[in-house]
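Guided by the hints, dock chain B onto chain A, whose structure is given.
The chain contents come next:
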Amino acid sequence: MKWVLLAIMVLATAASDLLQSYEMKRVGEQAVGARGLSRLLRMMVERRYLLLSIACLAFSFFAFMALVQSAPLSFAVPASASSFILETVLAKVLLKEQIGARRAAGSLLVLAGVVLLGR
Amino acid sequence: MVVLIPCDFVPSFSKTTRTYLLLALFLALRAFGNLSLAWGAKHLPETLAANPLVYLRAMLDPCIAFGIVMLIVALLVRLALLSVADLSFILPMTAIGYVLAAVLGRFFLHEAVSPQRWLAVALIFAGAALVSSTPQTTAGKMESAK
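Protein chains in written order, with this note's numbering: chain A, 1 to 119; chain B, 1001 to 1146.
Pulled out of the complex, with its shape left as it was, chain B reads as follows:
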């Protein structure tokens, strides 16, 4: 799966493009990682109780194991993202993940989406669009001033 990610091999992408590729990759990994985890947990024969052994056995479930791997890779991609952009830039942008989770929940779990939720989605996209129009790194200026 990892080999398919072309970022090492295409150095000609601009910094902005690379940031958005990383962002898209992170959002996809986290959304599908969580979905795989939830899917696996729902189909377990035993309920997840206080017993830690049950958790360990749950990790042997292929869906849950795959979900965990995807979430670990998502964490690494987020670290790479933090290496190219501000925290205050990434935080609002990754909030699009909440929207993605709601959409996936509707698609796979057939949840209804109320008008209030659509308003929330619109607010998140408007906010993210506004933040995306600001420079992605501002703290770097301090470094170059040294």
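Chain A with its partners taken away, still in its complex shape:
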């Protein structure tokens, strides 16, 4: 059961982030003053991809909650860090981000740190 919940969580997190990144790259630079924030809020409910990303986020949140209820936190946190790898790979494949040796190495170091922190 915990593997099913983990899979739901990782896939939902990745889907949410990819949708957000895709849509925000299209929209262009946004500011975060009072006006910018209300604009972003409006965007979130008007744009289909962003709305879908929030639904995915809710899915991943409830899956994580269910996961920490049945499995220990020392499993849940490092295991959920695997979404990190999936997302970076998908960002390269789907969003065409260029991930050079330096960014890949840095990401792996961070991943190692997060897994170690969660143990």
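No wet-lab data here; the hints were simulated from the structure. We treat Cβ as the ideally placed atom computed from N, Cα and C, and that holds for glycine. Please note: incorrect hints may appear among the correct ones.
[What the hints assert, rightly or not] Derived DEER-like restraints, expressed as beta-carbon distance ranges: (1) A/A105 / B/S1014: 23 to 33 Å; (2) B/P1052 / A/I54: 14 to 24 Å; (3) A/A105 / B/W1118: 31 to 41 Å.
[Stated by the list, open to error] If you want the ones that stay clear, here's a sample from chain B, every Cβ over 10 Å from chain A, calculated: (4) T1016; (5) F1032; (6) H1043; (7) P1052; (8) V1054; (9) R1057; (10) A1058; (11) M1059; (12) D1061; (13) A1065; (14) A1112; (15) G1127.
Quick look at chain B alone, frame taken from chain A:
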């Protein structure tokens, strides 16, 4: 609170500076939002059970409500962050939030930090530093080529 954020009024910041300001703002909002949420939840008279009504009533608690507002603003700031930088750039950078959570937990909840955890913190900072030396947007090249 929102009015204090100067990003709308200071267009002279370079793109890089703005990215790091957004990053710092996001990390602070998420860390303190979670802390406020946890603080409020710990001081609730009733335990959060399967009953959804209890959750609704919990949202009336000022600490919890403030935490939720901060987390919603954090989400919006992250969207702005995604509008100026790659996902594969932001992911490792925001992992610094794990470090922040550990530090805040130690400060407010008096948790001990083992040598293993310090090693983890060092790895995360080293990785984030390495990623920060890469260009923050790479997919934009595709757009300009069109």
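So is B/P1052 really clear of chain A, every C-beta pair being over 10 Å apart?
holds (12 Å)
Is the nearest Cβ of chain A still more than 10 Å from the Cβ of B/G1127?
At about 3 Å from chain A, B/G1127 fails to clear the 10 Å cut-off, so the statement is violated.
Check on B/V1054 being off the interface with chain A, judged by Cβ distance over 10 Å
holds (15 Å)
Hey, does B/A1065 actually stay past 10 Å from chain A on C-beta?
Given a closest Cβ separation of 17 Å, the condition holds.
Could you check that no beta carbon of chain A comes within 10 Å of the beta carbon of B/D1061?
holds (19 Å)
For the hint 14 to 24 Å, verify it against the beta carbon of B/P1052 and that of A/I54.
holds (19 Å)
Cβ distance range 31 to 41 Å for A/A105 and B/W1118, holds or violated:
Violated, since A/A105 and B/W1118 (Cβ atoms, about 21 Å apart) do not stay within the stated range.
Examine each Cβ of chain A, and state whether all of them lie more than 10 Å from the Cβ of B/A1058.
The claim stands: B/A1058 keeps its Cβ more than 10 Å from every Cβ of chain A (closest is about 14 Å).
With d taken as the least Cβ-Cβ distance between B/H1043 and chain A, does d exceed 10 Å?
holds (20 Å)
Non-interface claim for B/F1032, where every Cβ of chain A lies beyond 10 Å
holds (16 Å)
Exclusion check [B/T1016 not at the chain A interface, CB over 10 Å]
holds (13 Å)
Check on B/A1112 being off the interface with chain A, judged by Cβ distance over 10 Å
B/A1112 clear of chain A: closest Cβ-Cβ about 14 Å, beyond 10 Å.
Consistency with the previously given hints fails for numbers 3, 15, ordered from lowest to highest.
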